[in-house]
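Residues per chain are reported as follows:
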Amino acid sequence: MAKKAGLRKCPAHGNEVLRLENVSFTYPGRKEKAVDGISLSFREGEIAGIIGPVGSGKTTLLYCCNSLAPKEIRGKMEGRVLLRGKDIAKMKFPEISRECSMVFQDPNDQIFNLTVEEEVAFGLLNRGVPREQALDAAQRAVARVGLSERLHDDPSDLSSGQKQKVAIACALAADSKIILLDEPVSSLDWRSCQEVYAILVALAKEGRTIILTEQDTGLLAEYACRIIVIGKGRLVAQGGRDLLLDKRIEALGLRVPSIARLARELGIKGGFDEIKEKLARLAGKRKGRRHA
Amino acid sequence: MLEYKNGKSAVHSLDVRLKLALLAAFMLAQIFAPLSLAPAFMAATLGLYLLARVDFVEVVRSRKALLLLPLIPSLIRVFFETGWTDFLGIAVPLGIHNGALNFLFLCSLLYTPLLFALTTAPSQISAALRFYRMPKRWAFIFSVAFVSVNYIKRKAERTLAAQRARGCKSNALALMLPVLHSCFLRAKTMSLSMAARGFDADAE
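Line by line, the protein sequences are chains A and B.
In terms of this note's numbering, the first sequence opens at residue 1 and continues consecutively.
In terms of this note's numbering, the second sequence opens at residue 293 and continues consecutively.
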């Protein structure tokens, strides 16, 4: 099911929800910019995957998207971030969190309540939503990520994959239209990865914008609508998944998806869909020959 | 040390606001009552542990270092107070008499709030503190501090295991530094996560 979901096309005409205009960010005491003059625009319903080598500024870029940098993370920021046309610098966190949620790389760092239910309701309670309503919304969000039976459990007893799902449920309960995820599956096994991405695809289908950083180009090839490549804080390239076949990906020290490596070994050329088709045909022929 | 233990006893299910008020009253009564009543207060504390179905011996055993707090001032009284007093018709040295009462008084003062922490979920503590008009910032600090005890304990265990696996002998400093470092890092990420979820310590 997850695989099928990943094959969806990107929405072509969704409304713009987030725009970065020439955004730069420098950490205190450092000369080089962690993010250097990046301009991007994100639309409703898209899954945008940001890739780049370690230390290339992916996480800092995410922090700029919801103004954690420079409001909480000290540093000098230049440029503007517009959330539905409104300058995020002039907005306060409770207002930003209504539109934009963040899932951190290590869910252990963001989970601090004693039950899954309270953890998920935390954001809503901060907004002043009555406790009963907040807990109701939390229950629904937890059900969406398939953890209803763990609602009253201590989150620290959950597996890494389940904790990551709780973190996603927090964003769901908040009903945020934009979800930022920092390498959401970096510590998960393959099955959990597929489950998490299946949830993200379902959310994107509802019109939510998913912006995530990822090291696994294979997952991005399967699920992301748009790939954004970052190197040394700068925007290197952006485009569809065929961008993952570009030589610049390897030049940055990133691993190209295994399907692309296989195609290269077999001398198959073309875009992703073309490669997949040719490989499927090739596999069909071999199967036919074996049967004969 | 202050790890909440889930349970279904009368103490666990008591309304946390009432529990907090009773705790404050109990502690104030101990402080202002004559020292001779210390055994009665200690007996009451033990009774509360029984009622809460929390094993007092296990609590003391797993927190041995805590015993130093009542022990040291009591020993000072034992060694520095001179004279004799009458106890149940028997003449006993005043230092030992007062030292023993002092030990019971401090134990009761220490283990009653500990029982409160062991039987009350941190989120409830925060809500109760807010009920008694404690500023949101401080109420939240208390509740996160209680929750974090579990994290620090786990981190210390892992660090100790990692150090032993590499042939390191038990060393408090070598254990404390990485644990503190990781606690600061966690505090930083946690504050980011709270800000991203709209937490405003000054908002009412």
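I should point out that these hints are in silico values taken from the structure, not numbers from a laboratory.
Hints may contain errors.
[Stated by the list, open to error] List time: in silico DSSO-like cross-link candidates among lysine-lysine, alpha-carbon distance up to 27 angstroms: (1) B:K480 with A:K232; (2) A:K71 with B:K311; (3) B:K428 with A:K92; (4) A:K90 with B:K480; (5) B:K480 with A:K92.
These are the hints, each one checked on the structure:
At most 27 angstroms may separate the alpha-carbon atoms for a hinted pair to count; K480 of chain B and K232 of chain A meet this at roughly 25 angstroms. For a cut-off of 27 angstroms, the pair hint linking K71 of chain A to K311 of chain B is broken: about 39 angstroms separates their Cα positions. With a CA separation close to 18 angstroms, the supplied pair K428 of chain B and K92 of chain A stays within the 27 angstroms bound. Only pairs whose Cα atoms come within 27 angstroms are accepted, and K90 of chain A paired with K480 of chain B is accepted, the gap being roughly 23 angstroms.
Under the criterion of a C-alpha separation no larger than 27 angstroms, the hint pairing K480 of chain B with K92 of chain A is consistent with the structure, at around 19 angstroms.
Taken one by one, the earlier hints fail for this structure only at number 2.
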